[in-house]
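Novice: Add chain B to chain A, keeping to what the hints say.
2 protein chains.
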Amino acid sequence: MQVSVRRGRPGHDLESVLRGAVKVFNERGYDGTSMEDLSRELGITKSAIYHHVTGKEELLRLAVDRALDGLFAVLDEISAMEAPAIARLEELARRSVLLLVAELPFVTLLLRVRGNTEAERRALARRRSFDTAVADLATQARDEGDLRSDVDPAIIARLLYGMINSVVEWYRPRGGRPGELAVSIVTVAFDGLRLKR
Amino acid sequence: MQVSVRRGRPGHDLESVLRGAVKVFNERGYDGTSMEDLSRELGITKSAIYHHVTGKEELLRLAVDRALDGLFAVLDEISAMEAPAIARLEELARRSVLLLVAELPFVTLLLRVRGNTEAERRALARRRSFDTAVADLATQARDEGDLRSDVDPAIIARLLYGMINSVVEWYRPRGGRPGELAVSIVTVAFDGLRLKR
Numbered sequence: 001m002q003v004s005v006r007r008g009r010p011g012h013d014l015e016s017v018l019r020g021a022v023k024v025f026n027e028r029g030y031d032g033t034s035m036e037d038l039s040r041e042l043g044i045t046k047s048a049i050y051h052h053v054t055g056k057e058e059l060l061r062l063a064v065d066r067a068l069d070g071l072f073a074v075l076d077e078i079s080a081m082e083a084p085a086i087a088r089l090e091e092l093a094r095r096s097v098l099l100l101v102a103e104l105p106f107v108t109l110l111l112r113v114r115g116n117t118e119a120e121r122r123a124l125a126r127r128r129s130f131d132t133a134v135a136d137l138a139t140q141a142r143d144e145g146d147l148r149s150d151v152d153p154a155i156i157a158r159l160l161y162g163m164i165n166s167v168v169e170w171y172r173p174r175g176g177r178p179g180e181l182a183v184s185i186v187t188v189a190f191d192g193l194r195l196k197r
Numbered sequence: 198m199q200v201s202v203r204r205g206r207p208g209h210d211l212e213s214v215l216r217g218a219v220k221v222f223n224e225r226g227y228d229g230t231s232m233e234d235l236s237r238e239l240g241i242t243k244s245a246i247y248h249h250v251t252g253k254e255e256l257l258r259l260a261v262d263r264a265l266d267g268l269f270a271v272l273d274e275i276s277a278m279e280a281p282a283i284a285r286l287e288e289l290a291r292r293s294v295l296l297l298v299a300e301l302p303f304v305t306l307l308l309r310v311r312g313n314t315e316a317e318r319r320a321l322a323r324r325r326s327f328d329t330a331v332a333d334l335a336t337q338a339r340d341e342g343d344l345r346s347d348v349d350p351a352i353i354a355r356l357l358y359g360m361i362n363s364v365v366e367w368y369r370p371r372g373g374r375p376g377e378l379a380v381s382i383v384t385v386a387f388d389g390l391r392l393k394r
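One line per chain: the protein sequences are A and B, in this order.
Under the working numbering, think of the first position of the first sequence as 1, with each following residue one higher.
Under the working numbering, think of the first position of the second sequence as 198, with each following residue one higher.
The shape of chain A in the complex, shown without the other chains:
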């Protein structure tokens, strides 16, 4: 634990402020949310928020970095696997679903970032870097003869993550079974929704 972490009263600690802010950003849009809005919605003073962060841009950065750091950590782990690229791509997809569900509000915010501010542009640049890594893995799987070659691997990577990311639009944590969902998505994406007869 870092000594420099500043702590407030329970409910006023950085993690609570961050989670509350992300909820408001997701409901009202990041652009449309002011520090006044955050103060009112979180029921704490602006100075209590400034105790933890320099402003709403820092809250955005902390939030999207949580999602992005998670995605890159998964990417590192699957890169270390000794397995064909298709198996690594499947495992990347499965773990991405689990991460999305575990960090739902943070990933939701990341996917809604537009690029109107420096913090947003930085997040988009990190997303592009992740997308490139997925496309490279898909290209490798195609070259190994395991991924269909009639569609550009970069398009396949986008469609795969389009399917995965769409989960933020409808997944509700209550009663959900993230492991089953992850398997369903990987099955549909890799083997298709048509039943082979």
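Please note: incorrect hints may appear among the correct ones.
Unchecked claim - The calculated DSSO-like cross-link candidates involving lysine-lysine, where the alpha carbons are at most 30 Å apart (straight line), are:
| hint | chain 1 | residue 1 | chain 2 | residue 2 |
| --- | --- | --- | --- | --- |
| 1 | B | K220 | B | K243 |
| 2 | A | K23 | A | K46 |
| 3 | A | K196 | B | K393 |
| 4 | A | K23 | B | K220 |
Said to hold, decoys possible - Here chain B is said to cover these stretches of chain A; the calculated rule only asks that three of the stretch's residues, wherever they fall, bring their Cβ under 8 Å from a Cβ of chain B:
| hint | region |
| --- | --- |
| 5 | 16-29 |
| 6 | 55-63 |
| 7 | 167-174 |
| 8 | 179-193 |
Stated by the list, open to error - Each pair of labels, with its calculated beta carbon distance range:
| hint | chain 1 | residue 1 | chain 2 | residue 2 | range |
| --- | --- | --- | --- | --- | --- |
| 9 | B | K220 | A | E27 | 45 to 55 Å |
| 10 | A | E180 | B | E279 | 32 to 42 Å |
| 11 | B | K243 | A | S34 | 22 to 32 Å |
| 12 | A | A102 | B | R318 | 22 to 32 Å |
| 13 | A | D143 | B | V380 | 51 to 61 Å |
| 14 | A | E36 | B | A280 | 48 to 58 Å |
| 15 | B | S346 | A | D13 | 41 to 51 Å |
| 16 | A | A83 | B | D349 | 46 to 56 Å |
| 17 | B | K220 | A | K46 | 32 to 42 Å |
| 18 | B | K243 | A | E180 | 46 to 56 Å |
| 19 | B | S346 | A | K46 | 25 to 35 Å |
| 20 | A | E36 | B | K220 | 27 to 37 Å |
| 21 | B | V380 | A | K196 | 15 to 25 Å |
To be clear, the hints were calculated from the coordinates, so they are not data collected in a lab.
Every residue, glycine too, gets a C-beta built ideally from N, C-alpha and C.
Specialist: Relative to chain A, chain B alone:
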């Protein structure tokens, strides 16, 4: 042509105002855009906008209805097809991609609607009704033995449209080939991205 359509100077007609407004909504978010913002961004007076619509809610309604009317028209057409449910589902998906590309800004706005206002909630209700129709078609395809039965048809419908709708995030009209894209998406979704050996 309706006689009641009010026309302004070129560039100030309803279609131009609507397209301009949708562009601004997509860039800044609907919630974060005021009539003042629209007036400034479109380079026309607020009264020129009010000449055509009662306010930004009506602009939103007109925009999302264009996307939704298109989707329901496709649904009507494929309902009239005499073909197995799986073939109708494929054709619905293919035509949905073409519609998405043809009406890209309108569909983009529809997909970003949150439900903070009456016009937004109405759009969400129409979307849910479309989603239900897709899920019903998927259920029928499963009952006919053509759709995989190890994943809930409602989830399959969501994943299929998650993949299709994600196109708004990266598709660029310049140089795009909508027909090829539609075939690629249908192929990946129905037959999977894995190459069968």
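Novice: Are the hints correct? Go through all of them and say.
Specialist: Evaluated hints:
1. B:K220 x B:K243: holds, 17 Å
2. A:K23 x A:K46: holds, 17 Å
3. A:K196 x B:K393: Holds, at roughly 11 Å.
4. A:K23 x B:K220: holds, 26 Å
5. 16-29: holds (count 3)
6. 55-63: Since three or more residues must qualify, the claim that chain B covers the region 55-63 of chain A is violated, with 0 doing so at under 8 Å.
7. 167-174: Since 3 is at least three, the answer is holds.
8. 179-193: holds (count 10)
9. B:K220 x A:E27: 45 to 55 Å: Hint violated: Cβ distance 24 Å, outside 45 to 55 Å.
10. A:E180 x B:E279: 32 to 42 Å: The hint (32 to 42 Å, Cβ to Cβ) holds, given that A:E180 and B:E279 are roughly 36 Å apart.
11. B:K243 x A:S34: 22 to 32 Å: holds, 23 Å
12. A:A102 x B:R318: 22 to 32 Å: holds, 29 Å
13. A:D143 x B:V380: 51 to 61 Å: Violated: the Cβ-Cβ distance is about 23 Å, outside 51 to 61 Å.
14. A:E36 x B:A280: 48 to 58 Å: Distance hint for A:E36, B:A280 holds at roughly 56 Å.
15. B:S346 x A:D13: 41 to 51 Å: About 47 Å separates the Cβ atoms of B:S346 and A:D13, which means 41 to 51 Å holds.
16. A:A83 x B:D349: 46 to 56 Å: violated, 29 Å
17. B:K220 x A:K46: 32 to 42 Å: holds, 33 Å
18. B:K243 x A:E180: 46 to 56 Å: Because 52 Å falls inside the window, the suggested range holds.
19. B:S346 x A:K46: 25 to 35 Å: violated, 54 Å
20. A:E36 x B:K220: 27 to 37 Å: Roughly 28 Å apart at Cβ, these two residues keep to the hinted range, so it holds.
21. B:V380 x A:K196: 15 to 25 Å: holds, 20 Å
Consistency with the previously given hints fails for numbers 6, 9, 13, 16, 19, ordered from lowest to highest.
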